Amino acid sequence: LADVDAYPVWLSDSRRLIFQEEGKAYIADIVTKRVQPFFDEGQDRVRSIGIARDDSLIYFSVYQSESDIWLLDLRQ
Amino acid sequence: LYVQTSQQSNIKAVEFNPKTGKVSGEPVWVTRGDRQISRPDLSPDGKRFVMRLQRRSQDDLVVFNRDGTNWSDITNDQFFDRYPRWSPDGRRIAFASDRSGNYEIWTINADGTGLRQLTFNSERGAVISHLVARRQADTLSA
Numbered sequence: 001l002a003d004v005d006a007y008p009v010w011l012s013d014s015r016r017l018i019f020q021e022e023g024k025a026y027i028a029d030i031v032t033k034r035v036q037p038f039f040d041e042g043q044d045r046v047r048s049i050g051i052a053r054d055d056s057l058i059y060f061s062v063y064q065s066e067s068d069i070w071l072l073d074l075r076q
Numbered sequence: 077l078y079v080q081t082s083q084q085s086n087i088k089a090v091e092f093n094p095k096t097g098k099v100s101g102e103p104v105w106v107t108r109g110d111r112q113i114s115r116p117d118l119s120p121d122g123k124r125f126v127m128r129l130q131r132r133s134q135d136d137l138v139v140f141n142r143d144g145t146n147w148s149d150i151t152n153d154q155f156f157d158r159y160p161r162w163s164p165d166g167r168r169i170a171f172a173s174d175r176s177g178n179y180e181i182w183t184i185n186a187d188g189t190g191l192r193q194l195t196f197n198s199e200r201g202a203v204i205s206h207l208v209a210r211r212q213a214d215t216l217s218a
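For the protein sequence lines, the chains are A and B, in the order given.
Quick note on numbering: the first sequence equals residues 1 to 76 in my numbering.
Quick note on numbering: the second sequence equals residues 77 to 218 in my numbering.
Bear in mind the hints are in silico, worked out from the structure with no lab data behind them.
No experiment lies behind these values; they were computed from the predicted model shown.
For every residue, glycine included, the Cβ atom is placed at its ideal position computed from N, Cα and C.
It cannot be assumed that every hint is accurate.
Once the Cα atoms are required to be at most 20 Å apart in a straight line, the calculated SDA-like pairs of lysine to any residue come out as [as the list claims (entries may be wrong)]:
| # | chain 1 | residue 1 | chain 2 | residue 2 |
| --- | --- | --- | --- | --- |
| 1 | B | Lys98 | A | Ile49 |
| 2 | A | Lys24 | B | Pro164 |
| 3 | B | Lys88 | A | Asp13 |
| 4 | B | Lys95 | A | Val31 |
| 5 | B | Lys123 | B | Asp153 |
| 6 | B | Lys88 | A | Arg34 |
| 7 | B | Lys123 | B | Gly166 |
| 8 | B | Lys123 | B | Gln193 |
| 9 | A | Lys24 | A | Arg34 |
| 10 | B | Lys88 | B | Asn141 |
| 11 | A | Lys24 | B | Gly101 |
| 12 | A | Lys24 | B | Arg167 |
| 13 | A | Lys33 | B | Gly97 |
| 14 | B | Lys123 | B | Arg168 |
| 15 | B | Lys98 | A | Leu11 |
| 16 | B | Lys98 | A | Gln64 |
| 17 | A | Lys24 | A | Val9 |
| 18 | B | Lys88 | B | Arg142 |
| 19 | B | Lys88 | B | Gly109 |
| 20 | A | Lys33 | A | Glu21 |
| 21 | B | Lys123 | A | Val31 |
| 22 | B | Lys98 | A | Arg15 |
| 23 | B | Lys98 | A | Thr32 |
| 24 | B | Lys123 | B | Pro164 |
| 25 | B | Lys88 | B | Phe140 |
| 26 | B | Lys95 | A | Asp13 |
| 27 | A | Lys24 | A | Gln43 |
| 28 | B | Lys98 | A | Ser56 |
| 29 | A | Lys24 | A | Gly42 |
| 30 | B | Lys123 | A | Asp54 |
| 31 | B | Lys98 | A | Pro8 |
| 32 | A | Lys33 | A | Gln43 |
| 33 | B | Lys123 | B | Gln154 |
What the simulated footprint calls covered on chain B by chain A, stretch by stretch (three residues with Cβ under 8 Å from a Cβ of chain A suffice, anywhere in the stretch; the number is not a length) [unchecked claim]:
| # | region |
| --- | --- |
| 34 | 94-101 |
| 35 | 115-128 |
Turn these sequences into a full structure, and let the hints steer you where they fit.
In C-alpha cells, the structure reads:
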C-alpha cells in the first residue's frame, strides 16, 4: 500500500489507516489504494501517531531539538 | 567552546473528521515541558493517555488525563518499559519491558498494581517490539 517504514493505525471503518512518515501524517484507503498526506506540523515532526476509538481525535508526539554554542572563558 | 543540546518530546492532539478524512482546527498541546514522552495511547473511553516517559537511565509508563493533568506513574524502576497499549476494557495496560533480562510482554493494572509477565519468548530467540492491541478483542500482537 505504501513503501514506507511506519506504524499504521486503523480507523474504525477497517478500510482506512493513518501513519506518519518523515514527520508528516498520511491516510491510506485500502480499497482505492489511495495514499495522501493529511496533516503536517511543519518543523515539529509528527511521530507516534494514534487515533481515538471513535476517530474524533488524532494525537502524536512532537520532537524538538535545540542546540546552542557556548564560549567559556577559562581565564576567569 | 562547547555545544549544549536539549531535546524534548511532548504530545499534541487535533480534532479529526473521519467522514472527510481531514483534521479540523489547530493542534493543541496535551503536554508541555522539558521531558521526553512518546508512544501515546488513548484509553478506550477517551479519558486517559498512557505513554512512555524517558528518564535519565530508565523508561517508565505514565498515565494522565486527556487534558494533560493528573499525572501518575504506572511504573518507576530501573527497567525500560515501552510501547504501552490499553486493553479493550481499559482496565489493564500491556507493554514491552526488559525487566526479566530480555524484552518480553507484561501487563499491569491501570493503577500500577498487578504486574504480570505474559510472554517468555526470548528463550526461543524471539525479539519483542511494538505492541498492538486489537480494539475489540482480548488478543495482543507484537
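The hints, checked one at a time:
no.: 1; hint: B/Lys98 to A/Ile49; in the structure: holds, 15 Å
no.: 2; hint: A/Lys24 to B/Pro164; in the structure: violated, 28 Å
no.: 3; hint: B/Lys88 to A/Asp13; in the structure: violated, 24 Å
no.: 4; hint: B/Lys95 to A/Val31; in the structure: holds, 16 Å
no.: 5; hint: B/Lys123 to B/Asp153; in the structure: violated, 26 Å
no.: 6; hint: B/Lys88 to A/Arg34; in the structure: violated, 26 Å
no.: 7; hint: B/Lys123 to B/Gly166; in the structure: holds, 10 Å
no.: 8; hint: B/Lys123 to B/Gln193; in the structure: violated, 26 Å
no.: 9; hint: A/Lys24 to A/Arg34; in the structure: holds, 16 Å
no.: 10; hint: B/Lys88 to B/Asn141; in the structure: holds, 13 Å
no.: 11; hint: A/Lys24 to B/Gly101; in the structure: holds, 17 Å
no.: 12; hint: A/Lys24 to B/Arg167; in the structure: violated, 32 Å
no.: 13; hint: A/Lys33 to B/Gly97; in the structure: holds, 15 Å
no.: 14; hint: B/Lys123 to B/Arg168; in the structure: holds, 14 Å
no.: 15; hint: B/Lys98 to A/Leu11; in the structure: holds, 13 Å
no.: 16; hint: B/Lys98 to A/Gln64; in the structure: violated, 25 Å
no.: 17; hint: A/Lys24 to A/Val9; in the structure: holds, 14 Å
no.: 18; hint: B/Lys88 to B/Arg142; in the structure: holds, 11 Å
no.: 19; hint: B/Lys88 to B/Gly109; in the structure: holds, 12 Å
no.: 20; hint: A/Lys33 to A/Glu21; in the structure: holds, 17 Å
no.: 21; hint: B/Lys123 to A/Val31; in the structure: violated, 32 Å
no.: 22; hint: B/Lys98 to A/Arg15; in the structure: holds, 16 Å
no.: 23; hint: B/Lys98 to A/Thr32; in the structure: holds, 17 Å
no.: 24; hint: B/Lys123 to B/Pro164; in the structure: holds, 14 Å
no.: 25; hint: B/Lys88 to B/Phe140; in the structure: holds, 14 Å
no.: 26; hint: B/Lys95 to A/Asp13; in the structure: holds, 10 Å
no.: 27; hint: A/Lys24 to A/Gln43; in the structure: holds, 10 Å
no.: 28; hint: B/Lys98 to A/Ser56; in the structure: holds, 11 Å
no.: 29; hint: A/Lys24 to A/Gly42; in the structure: holds, 8 Å
no.: 30; hint: B/Lys123 to A/Asp54; in the structure: holds, 12 Å
no.: 31; hint: B/Lys98 to A/Pro8; in the structure: holds, 17 Å
no.: 32; hint: A/Lys33 to A/Gln43; in the structure: violated, 28 Å
no.: 33; hint: B/Lys123 to B/Gln154; in the structure: violated, 28 Å
no.: 34; hint: 94-101; in the structure: holds (count 4)
no.: 35; hint: 115-128; in the structure: holds (count 7)
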